[in-house]
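Kindly generate the complete structure, drawing on both the sequences and the hints.
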Amino acid sequence: MKILLFGGTFDPPHNGHMNNLRAAMDCVQPDKVIVMPAGIPPHKKASGTDAALRLAMCECFTALSPKVEVSDWEVRQGGRNYSVNTVEMLHSRYPHDRLYMCLGSDMLLSFTRWYRWQDILHLTTLVVESRETGDNAVLLAAADELRRQGGTVLLARAQAFPCASSDIRSGRVPRSAWQDFLPQNVLQIVEDNNLYSNNTCR
Numbered sequence: 000m001k002i003l004l005f006g007g008t009f010d011p012p013h014n015g016h017m018n019n020l021r022a023a024m025d026c027v028q029p030d031k032v033i034v035m036p037a038g039i040p041p042h043k044k045a046s047g048t049d050a051a052l053r054l055a056m057c058e059c060f061t062a063l064s065p066k067v068e069v070s071d072w073e074v075r076q077g078g079r080n081y082s083v084n085t086v087e088m089l090h091s092r093y094p095h096d097r098l099y100m101c102l103g104s105d106m107l108l109s110f111t112r113w114y115r116w117q118d119i120l121h122l123t124t125l126v127v128e129s130r131e132t133g134d135n136a137v138l139l140a141a142a143d144e145l146r147r148q149g150g151t152v153l154l155a156r157a158q159a160f161p162c163a164s165s166d167i168r169s170g171r172v173p174r175s176a177w178q179d180f181l182p183q184n185v186l187q188i189v190e191d192n193n194l195y196s197n198n199t200c201r
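If you're matching positions, the sequence shown starts at 0 in numbering that gives the first Met the number 0 and goes up one per residue.
Just so you know, not all the hints are guaranteed correct.
Unchecked claim - The list that follows gives simulated cross-link-like pairs (lysine-lysine, DSS-like), each with its CA atoms no further than 25 angstroms apart:
#, residue 1, residue 2
1, 1, 66
2, 31, 66
3, 1, 31
Stated by the list, open to error - Label pairs and their calculated CB-CB ranges:
#, residue 1, residue 2, range
4, 146, 47, 17 to 23 angstroms
5, 143, 94, 18 to 24 angstroms
6, 105, 66, 23 to 29 angstroms
7, 143, 47, 35 to 41 angstroms
8, 114, 66, 17 to 23 angstroms
9, 166, 95, 29 to 35 angstroms
10, 153, 190, 16 to 22 angstroms
Calculated from the structure, these hints are not laboratory results. No experiment lies behind these values; they were computed from the predicted model shown. No residue lacks a Cβ here, since even glycine has one placed at the ideal position from N, Cα and C.
Here it is as structure tokens:
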């Protein structure tokens with residue numbers, strides 16, 4: 000099987016994430032997609048949103064395909080989790096299958112600073128989604144360098160989306176516009192649980 004890993008903090012998941020996963024699936028044509036909300040990523044602060052709510056919000060991705068499932072594995076580990084731990088877990092669970100891991104363009108550019116990045120490169124095919132318009136030359140150069148290191152890197156052509164999760168949390172996107180940026184079930188969970196209530200923009 001071809002197994003596609005799509006990880007992130009997802010606080011909250013938004014339509015840009017949906018676009019990125021859709022593009023990666025079109026590129027890979029996977030047999031299984033595993034959406035993996037992070038516990039505490041090493042490069043970020045701990046999410047302020049309850050893990051159970053982030054998991055519930057991630058059910059939005061299952062609308063893309065019956066091949067998509069949401070895993071709580073990283074959340075259940077507790078403490079900080081490195082991507083290589085997740086990749087090794089999946090490799091041990093699916094030893095005869097091919098693993099693909101989604102990366103945003105910003106993550107590709109910092110990939111060689113990740114913990115045990117060479118092992119990730121050996122165990123997975125990287126599927127890179129552009130998050131910015133006009134960054135293609137930089138992405139191509141970074142991808143070529145990883146290929147010279149023996150890795151396999153695919154570029155998925157995702158529609159650029161002018162939003163990040165931090166824009167929702169911080170108030171840069173006002174509440175009155177959230178319906179344009181969040182899938183409906185995510186918006187419902189956000190409203191029902193009064194998430195990101197420190198956002199004072201209306």
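Okay, the hints, checked on the actual structure:
no.	hint	result
1	1 / 66	holds, 11 angstroms
2	31 / 66	holds, 5 angstroms
3	1 / 31	holds, 7 angstroms
4	146 / 47: 17 to 23 angstroms	violated, 38 angstroms
5	143 / 94: 18 to 24 angstroms	violated, 30 angstroms
6	105 / 66: 23 to 29 angstroms	holds, 26 angstroms
7	143 / 47: 35 to 41 angstroms	holds, 38 angstroms
8	114 / 66: 17 to 23 angstroms	violated, 29 angstroms
9	166 / 95: 29 to 35 angstroms	violated, 41 angstroms
10	153 / 190: 16 to 22 angstroms	violated, 37 angstroms
Comparing the model with each numbered hint stated earlier shows that hints 4, 5, 8, 9 and 10 do not hold.
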